[in-house]
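Protein chains: 4
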Amino acid sequence: MSLNPVISMLGRRLRLAVIGGGPGSFIGAMHRQAARLDNRYELVTGVLSSNPERAKKAGEEIGLHPDRIHVSVSKMLKAESEREDGADLVAIMTPNDSHFEYAITALEHGFDIICDKPMTNTIEKAEILHQKVEETGLIFCLTHNYTGYPMVRQAKEMVQEGQLDKIRLVQVEYVQGGKADASKDPLPSEKSSWRYDPAKSGPSLVMGDIGTHAHNLIRFITELEIEKVAADIGTIIPGRKIDDYAGALLKFTNGARGNFWVTQAATGVENSLRIRVSGETGTLEWEQEIPQRLVFKPLNAPAQIRTPNGAGTLPLSARSSRIVAGHPEGFHEGFANLYTDAAEAIAARISGKKANPLALHFPNSLDGLLGVRFVDAVIRSSNADSKWISCA
Amino acid sequence: MSLNPVISMLGRRLRLAVIGGGPGSFIGAMHRQAARLDNRYELVTGVLSSNPERAKKAGEEIGLHPDRIHVSVSKMLKAESEREDGADLVAIMTPNDSHFEYAITALEHGFDIICDKPMTNTIEKAEILHQKVEETGLIFCLTHNYTGYPMVRQAKEMVQEGQLDKIRLVQVEYVQGGKADASKDPLPSEKSSWRYDPAKSGPSLVMGDIGTHAHNLIRFITELEIEKVAADIGTIIPGRKIDDYAGALLKFTNGARGNFWVTQAATGVENSLRIRVSGETGTLEWEQEIPQRLVFKPLNAPAQIRTPNGAGTLPLSARSSRIVAGHPEGFHEGFANLYTDAAEAIAARISGKKANPLALHFPNSLDGLLGVRFVDAVIRSSNADSKWISCA
Amino acid sequence: MSLNPVISMLGRRLRLAVIGGGPGSFIGAMHRQAARLDNRYELVTGVLSSNPERAKKAGEEIGLHPDRIHVSVSKMLKAESEREDGADLVAIMTPNDSHFEYAITALEHGFDIICDKPMTNTIEKAEILHQKVEETGLIFCLTHNYTGYPMVRQAKEMVQEGQLDKIRLVQVEYVQGGKADASKDPLPSEKSSWRYDPAKSGPSLVMGDIGTHAHNLIRFITELEIEKVAADIGTIIPGRKIDDYAGALLKFTNGARGNFWVTQAATGVENSLRIRVSGETGTLEWEQEIPQRLVFKPLNAPAQIRTPNGAGTLPLSARSSRIVAGHPEGFHEGFANLYTDAAEAIAARISGKKANPLALHFPNSLDGLLGVRFVDAVIRSSNADSKWISCA
Amino acid sequence: MSLNPVISMLGRRLRLAVIGGGPGSFIGAMHRQAARLDNRYELVTGVLSSNPERAKKAGEEIGLHPDRIHVSVSKMLKAESEREDGADLVAIMTPNDSHFEYAITALEHGFDIICDKPMTNTIEKAEILHQKVEETGLIFCLTHNYTGYPMVRQAKEMVQEGQLDKIRLVQVEYVQGGKADASKDPLPSEKSSWRYDPAKSGPSLVMGDIGTHAHNLIRFITELEIEKVAADIGTIIPGRKIDDYAGALLKFTNGARGNFWVTQAATGVENSLRIRVSGETGTLEWEQEIPQRLVFKPLNAPAQIRTPNGAGTLPLSARSSRIVAGHPEGFHEGFANLYTDAAEAIAARISGKKANPLALHFPNSLDGLLGVRFVDAVIRSSNADSKWISCA
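Protein chains in written order, with this note's numbering: chain A, 46 to 437; chain B, 46 to 437; chain C, 46 to 437; chain D, 46 to 437.
Hints in this document: simulated from the structure, not taken from any laboratory.
Take the hints with a grain of salt, since some may be wrong.
One copy or two, either will do: identical chains are not told apart, so a pair holds if it fits within one copy or between any two.
When the alpha-carbon atoms are kept at most 20 Å apart in a straight line, the in silico EDC-like pairs for lysine to aspartate or glutamate are as follows [said to hold, decoys possible]:
no., residue 1, residue 2
1, K170, E153
2, K120, E235
3, K229, D210
4, K432, D112
5, K398, E325
6, K245, D430
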């Protein structure tokens, strides 16, 4: 493993432009820390506000040169595309309804992209965006960051190796308590209120926020596609305009069955993303709150606790950990793995060299499209008395 | 707590007749150990086989006097009802399809009953049996033994006390791996093969075996009723005649939503019965594999680990533990709690005295009826493209 | 496994006499429940008080026939030894300082013994008692009940099989909080005050109460003897007459090193008895608060979670569990295992038949003697500036 | 919390010089990642080898400008001290025996220091170095990185707030398996062989490597000093020249007692650093392998699970976490906290402004001195038949 050198195939760090994620933004800090951890990126420009004064203050706070602090995405993209030392890629971390426009514009200017999930708010836009990515051949990395955890990647590799044989049963839950207390919902005047406005956050808050993570996690580990869903989605806390829970029964294309449960209204629960994947010869269990443990329950043998860089670690997992066994890594390291993988892919694309195949497992625009389709199918099933609806 | 003296209200131990559960039977041993632990019962008679020789051998092995070893349930019941020192109650632990007949006969002869779950294989029989219990005023205890665990009872009491306020979300899973390996399914000639024959095991093996436990656990803790289900049930392992998984989305009469998932085909999983109940002011989490821990996650306060007889223990929970905090109790103690509670109720009925109200929380024939109705609703929804079906 | 039939080699249950452990006694209830669980015993007589009225009331409450309720141990033993249907064995559960006298008298009358730990308060008495047991050939079972847990027995067997190869390092802790709050120490007038009086509880309360359990657990699992200790023992809570913590460094006869730490003054801790045994090829970790899990960490392979009757279960462990994997057993079942094993040994002795060798692993008078010697060595080292002192 | 802006009091990032920790070095990567995470540092110069060719290659790989790649520490320090834009501080990550010389030289040239532990190999050097730090008033940060974990800091604050009242009992273990397999000890020709040479690694490998971490953790959380030790230290694996285990009994200046156990020879154990601190009104338990959980066991109330930014989080802990509750942080974030705190202290010193007091809890040269003294006391006690030896 050599995650640390800065000298990429390009002989330099990649130049990063950010759209959104100013100093006060939780997700903005995550992105910048992720970009820094392995030193593959240099933050060179950004649009942090449409208000020039606020943009200037925010840009300086995150270390941008005043000349490269912008208030218009299209102007920034144009300017950067004309510079010799212009940005190599843009990272988009704005409200969900703007991802599409910024991403399309960035692609048109030839930029690779790192984009927050959900990719878009509608299937139509997701399809257009995905097609555009395909046409341009540019790199599109969607930040389903839980796929960056070493033990999630170990799970994927164990499935790939056939250690579970044919997969039969999949359970996933993503349960949070962050929206359990309705008295803390933001006022329309507050910055985070966009999440509570379906026009901006999309057709389903809970699905956009965490449901797409759970969906992606299933697909990442199992490499199976969901054929159909029978779903129920709604608002458990009276008076809200947005969904705060969703449940679904799943049928996979290989015949496996599954269960899906997400909510942000489970009082006191912090961030319980858990998955159990059962195949003919074993079951895998992982929970995000103790991400350094993967439990493997083989048929007719004792259950095993797998850890990053512990015995039996497979190559993708090994590449995703920066440390010897027993030293937990967390959210930032997982997020950074997506950035570092994307850097490899982008540098390879630019240089015309071949990327390390292990770097190419980050979620992309197809994953984004399938996520948006899944949200749509859940809603349609729920609206149809929970009958089975195709995800295709 | 005074669980140990033998001197019940009757001044003696209760005289127990058993139907089924011979020496080789797992569940038979559980029943007998449960009956012995608190010394409220004396095993006096039983039908362990219809074959006289086998009945004799089995009866002697479990300590029955040769004169009180029977091969016919009706003859035993008649004989015992005519003895001065005849049995006070019968415990039924035969295949599911026989519960109804034996229970009805026992009630007709005036015996109180402890009966294995599921109560019956059909709604019709469940309704008749429940009505018969109501009419006779006899005690009917259904062995949903997980309700006997001290921390399950603590959960119920915390809900009763309003520590969660209004319940909003319920998740339950009961996941086992015991039927994951189809090559171990019994041959038709083997004793346990009745479970794989729908005629004997009922319309759904997985629901009868463990689904009714999960259903009962929800109702026991939350004291809510399930209004409707949207469900999927089937066989994930090709070639079997019986179900091995079921999933359902739930709507409760109070508006709460829920998720239900049971399977016996999850390779390597031992006995993962888990429940999470979320209300406005807190969430409870319990898992059967570490039954001495109940996690309480209050709104805006740190999560708590509750233990039997630890700080904050409520009366029903305290009564259900035989030991000081920190000394785990297990499956047998929970099962014994049902027996001990039933003994209190039966002795009270016989003596005309008033039972300790804390003893009266064991599952009864109404719980049995609702369990059978739930199984039926799950199957009907699954057959109706997983549309919502009323459980009433 | 056939733990359940009552028909021992003698064709009947063993007749049990109890000394101490009346209805209000925690440990008395444990003994009686342990005796009942597998139905190998019939409680026939006892001395529960030297006050006739209290003795009568207590005896009736635990189900003794009035004629066999005694107030004098020697008279009971004499009377029972003269009856055709007299007691087979006595169980001693009185304050520590009386174990010696009762045990010697019982042996002189030809009774087998089940005795609470610590065996005696002095080395001299322990040596005499052990020698007497040896001379008489009677069975002496010391209730180091934690050795009855299936996974403790599994650990012993894994060591015996050489799965750890040569043992190098041993850590044990037994940490409780029961005596953390000095304001709850009993008044001299209270019944439990004997524990706080060194004349009755012995030279060290914490060592007698729990230190001997920790010492015995090390020896039971590792089958190694402790050669020397360097120890510190004392009272962390001012004003007490009795010890409430002890620590020791250990050297084993095979060269292994160890660490020992016990206290009853750790506020809020329930019953944390934990052991870690490391050998050349693996480490075992067990904790009493989750007794159904044994973690095995082999060299160069993933850590394993072992469970009762799970994959890899060895014979002694299998014999010690009454249920299929995934159904936790607890304190009572472990305690009952000692009773059931002792029943096998006693019935074999009486009948002249050969006991199942798996039944013969219960702690005996030699274990008791070594425990008392260990307590003494810890005290002597502590008094000698913590220098190394031989345990021999 | 505002850990992310780069604009320190100096209006710029601090300029970092590194000594040791080239691209192949585990600890070098940790330092550089820690320096990058919060963007307070800019790596500008370093000595990575005394061999010019290797130094050049390594320097380029970590992004140094060729002009600022050095092969002599003293030359680098001189050159940097003469530059207008010279380094602000040096980070030392070389073998233990060289820390002293490099640190003294750096102080003489006026550089602040971040230094790996143990600070030095001898008490004499530790005293001189500590005195030099005091005299110069320069910042010295010793990388006892476990003190950077949010929940370790939370524990410290709970103690400070008196939530435990007077501390009575302390247990610490640091158990690893990395040196359990003697066949993997490096050959003298291998780079890591310096650890196995007492001349370079110091008087005790296990104490220098991990014992000083355990010692520091006790002091960091409890803010107590150890008065005396009775200890045993040695080599459990035959043939080694260096220690691989150490145990000690502890007496604190406030009267508390403690237990200390460290080893690197526990087969299969990864990195089990655990501490339990008990006071009159509560006990805290923390383990490094699940660092995001701190268990608090108050007197007469249920045990609590504390998490970063969960309910009850205190200011120092809050400042040490970059994310909302439920998203685990790991080793890198903890390490980065030391770097970020040191940056605050250094920028304050340089600018003459006042640092945030919460930033000033990183281990310093006094901690380093006390650590070296503790190692010495452990060895002396072990050599004196484990008698009590003063740590002063």
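Hints that the structure is at odds with (numbers, increasing):
2, 4, 5, 6
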